[in-house]
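There are 2 protein chains.
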Amino acid sequence: MFKLIKKDRDTQARLGKMTTSHGEVDTPNFMPVGTVGSVKTLTPDEIKSADTQMLLANAYHLFLRPGAEVIKQAGGLHNFMNWSGPILTDSGGYQVFSLAQLCKIKDDGVEFKSHIDGSSFFFTPESILEFQQVLGSDIMMVLDECVPYPSQHDYVKRSLKLTTDWARRSRHRFLRCLEDTGSQQSDRNNGPITTQGRQYLFGIVQGGMYFDLRKEAVDQLIEIGFDGYALGGLSVGEPRELMYDIVESTIPMLPDNKTHYLMGVGTIIDIFESVERGVDIFDCVVPTRNGRNGVAFTATGKMQIRNARFKNDNTPIDRECVCACCKGYARSYLHHLFKANEILGLRLLSLHNITFYAKLMQNIRQAIKEDRFLEFKKEFLGNYNT
Amino acid sequence: MFKLIKKDRDTQARLGKMTTSHGEVDTPNFMPVGTVGSVKTLTPDEIKSADTQMLLANAYHLFLRPGAEVIKQAGGLHNFMNWSGPILTDSGGYQVFSLAQLCKIKDDGVEFKSHIDGSSFFFTPESILEFQQVLGSDIMMVLDECVPYPSQHDYVKRSLKLTTDWARRSRHRFLRCLEDTGSQQSDRNNGPITTQGRQYLFGIVQGGMYFDLRKEAVDQLIEIGFDGYALGGLSVGEPRELMYDIVESTIPMLPDNKTHYLMGVGTIIDIFESVERGVDIFDCVVPTRNGRNGVAFTATGKMQIRNARFKNDNTPIDRECVCACCKGYARSYLHHLFKANEILGLRLLSLHNITFYAKLMQNIRQAIKEDRFLEFKKEFLGNYNT
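Protein chains in written order, with the numbering used here: chain A, 832 to 1217; chain B, 832 to 1217.
Calculated from the structure, these hints are not laboratory results.
Any given hint could turn out to be false.
Where chains are identical, the list cannot tell them apart; a pair therefore holds if satisfied intra-copy or between any two copies.
[As the list claims (entries may be wrong)] Result set (DSBU-like, lysine-lysine): computed pairs, CA atoms no more than 35 Å apart in a straight line: (1) LYS848 with LYS1190; (2) LYS1170 with LYS834; (3) LYS903 with LYS1142; (4) LYS834 with LYS935; (5) LYS838 with LYS1142; (6) LYS871 with LYS903.
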C-alpha cells in the first residue's frame, strides 16, 4: 500500500504514495484529527477544500460514543461522518492511558473506566481491532501501551513485552478476519476486505526513550510483519532533541518500503525535523486546536488574532492563501468574531490552519522531489518565528 | 423601494418586492439575525445557499463592539462581514431597554451602560442614525422606546410622545444627510446615498397593547413619512391572540405601498397569522437559536435531535430538504454530534433551520400568488405539530 517514489539527496526525507480503498495519500503528509468523527468545527467539504488527503479518528472516543452499533448501522465511519477519503484510526491505547480513569493493565488487555460517565470497559488487542473493522478505517492501529515520560528502563522493558505480545495477537486476529469473511486465498496475507474496502494494519514501535528497547521493538514488529510502522510514545513531554534522536535512530531500522508514521506530532518545526529523518505521515490537533484558540499559522509564525493590533487590520491573514477564510475575511473581522465569541471565528481559523498545514506538506513534497529539502527547510524556518 | 405585486383574494396577505442597492427581496420574507455581524455559526455563502435574501444586524451590539471606527475603516458592514445582500439594521432601541444596564430615558435620547463592560453611552435619534449610515445598512430603523408588557396606558402614551418625537428627529437627520453629502436635488426626499448605495429609513409603530395609541402612532408616523413601517413592542410577553389583534387592527392603517415589518417575530404559526394580516417581513433568532439547541424544524414540527430515538436513525432530518445538512448527514450523526458537543452539529442544524424558514416563505409567496394562502396555511399547520 506504500510506494517509495524517491529519497532526498541530502537527508533521509522520502517522497512516497500510500494507496487505500478511499484514495491515494502523497507523503510526507499530515492528518488533521477528527477525534469523535468530526474535525472540530469543519465539514468534510471544507477539509477537502483545504487539500487534506487523510484524516485520523480515535477508536477510543468512538467506541465510547456513539459506539459500535451506531456506526455499524450507519455503514461505517466514512458514511457516518460523510468523509469519502482515507481514514486512519488510532487504537485507543494512548487515550486509555491518558484520559480514562482507573486504568488496569492485564496480560490480555486493559480495564478502564470511561472518562465520560465512569462506566467500565475492557479492551483487548482483538476487540479494538474488531471495532476498527466496524469503523472501516483504511489504516488500523494495534493496541499498545504508551508509557509515560520519564519511565525506568525495566518498566519500559516489561511494558514492551506486553505491547509486542498485543501486536502479535492483533496481527493474528487481523489475518483471521480474512477467513471469517471468506475472502480470497490470495488476500490471505493482506488482511480483511470489508464493505468499506481493504483495511491495513500498522504496528507501533514503543520502547520509551531507550535506544536498545526501540531496536528490540522494531525487530519484533518486523518479525510479526505489518503494513506500516508507527513511532508511538513520543512527544509525551521529553526534550525536543531527545525525540529527534529517537526518531533518527529508529526510522533507519524500519523497512524502506513501508510507511513511517510519527504519532501525535506536531508543530511546524517537529514536522521539518522528522521529515528530514525519514518520517512519512503525521497527525496532531495543533492546527485545529490553535484555530479554536484564535491562533492562525502564517509564513512568519503564529498570529494571535485577538491581539489589539488586528482590530483595524483590513488585510487577510495571508494574502497568498487560497482558503475561504483568507479569500473572504479581513483580520479586523476575525478579531471581532473572537472578541465577540462567535463560532464563525473558530471555523474560519481552523480552516485556514489545516489549509496552511496541507500547503506546507505539499511544499515539502515538492522540495524533496527537487532535492532541495534542506534549502526549503532553511528558507521556511528562517522566516518562521517559532 | 417597495412594490406591491398582488393581494391575496381571501386575506390581507400580500405579495411584494423590495428593491435595495444590494438586491431584491421578495415578500413575505424572513430575515435571519446576525446580531454582531455574523449569523451565528454560519458563513455568508451558507446563508445564501439557504435562499436567504436579507439579514438583520443589531446597531446596539455593533456600536459597542467592534464600534463605528472599525466598520468605517472596513468599508461598511457588508464588506466587513462579507455579505453582499441586503441588510436591515435595528436601531438598538430594543436592546438598550432589554440588555443594557441603568438605562435612563431623557428627552433627547437614552443613557445606558454597556452590557459588556459597564461603560456609559448616550444614544440620540441622530447618533444612532449616523451610526447606521456608517454601517451602510440598506434599511435603517429609527430609535424608539420599546415599552414592556404590561404597561399602563398613561405610561405608554407618554412613551409614545417621545418615540414620535425621536422618529421626527430621525427623519429630519436622515434628510439632512442628503445635504451633507451634496446629493442631487431629486433625491431630496429620498434620503442619503452612501458608498454602499441608497439607504432607507423605516419608522416603528409603538403604542403597547392599546389600539388607540397604535392608531395615534400610525397617524403621526405617516405624517412624518417613512420608506416603510415596522410594528415594534410586540412578541414581548403578551398573549399570542392579543398580538394578532394588534397586528390586525394596525396593519390596515399603514400605506399599502410601503413595507410592513413585524419586528422580532417569529414562530412558524406567528408568521402564518401575521402574513394573513398583511405583514411583509419578519426577523427572529428562532431558527438559529433552536438550531444551536439541537432543535430542527420539519414539516411535522420541531425535532430535538438529542432525543434517544434518533441514535440509530440513518435518515436525514428532511428527505425533501436541499440543504447541505440534509444532503450529507443522517440524524444518527447529528444526534452524535450534539451528544459529543461538537460545533459541527450547531452549524448543520442552524443551516437546516434557516433553509427551512426560507423555503416556508417561498411557499407562502407561491400560495399568495395562486390565491390559495388559506389553503396552504391550513395544510401546513395541519401537518405541523406546534
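**Request:** State the violated hints by number, sorted upward, taking the hints as numbered earlier in the document.
**Result:** 2, 4, 5
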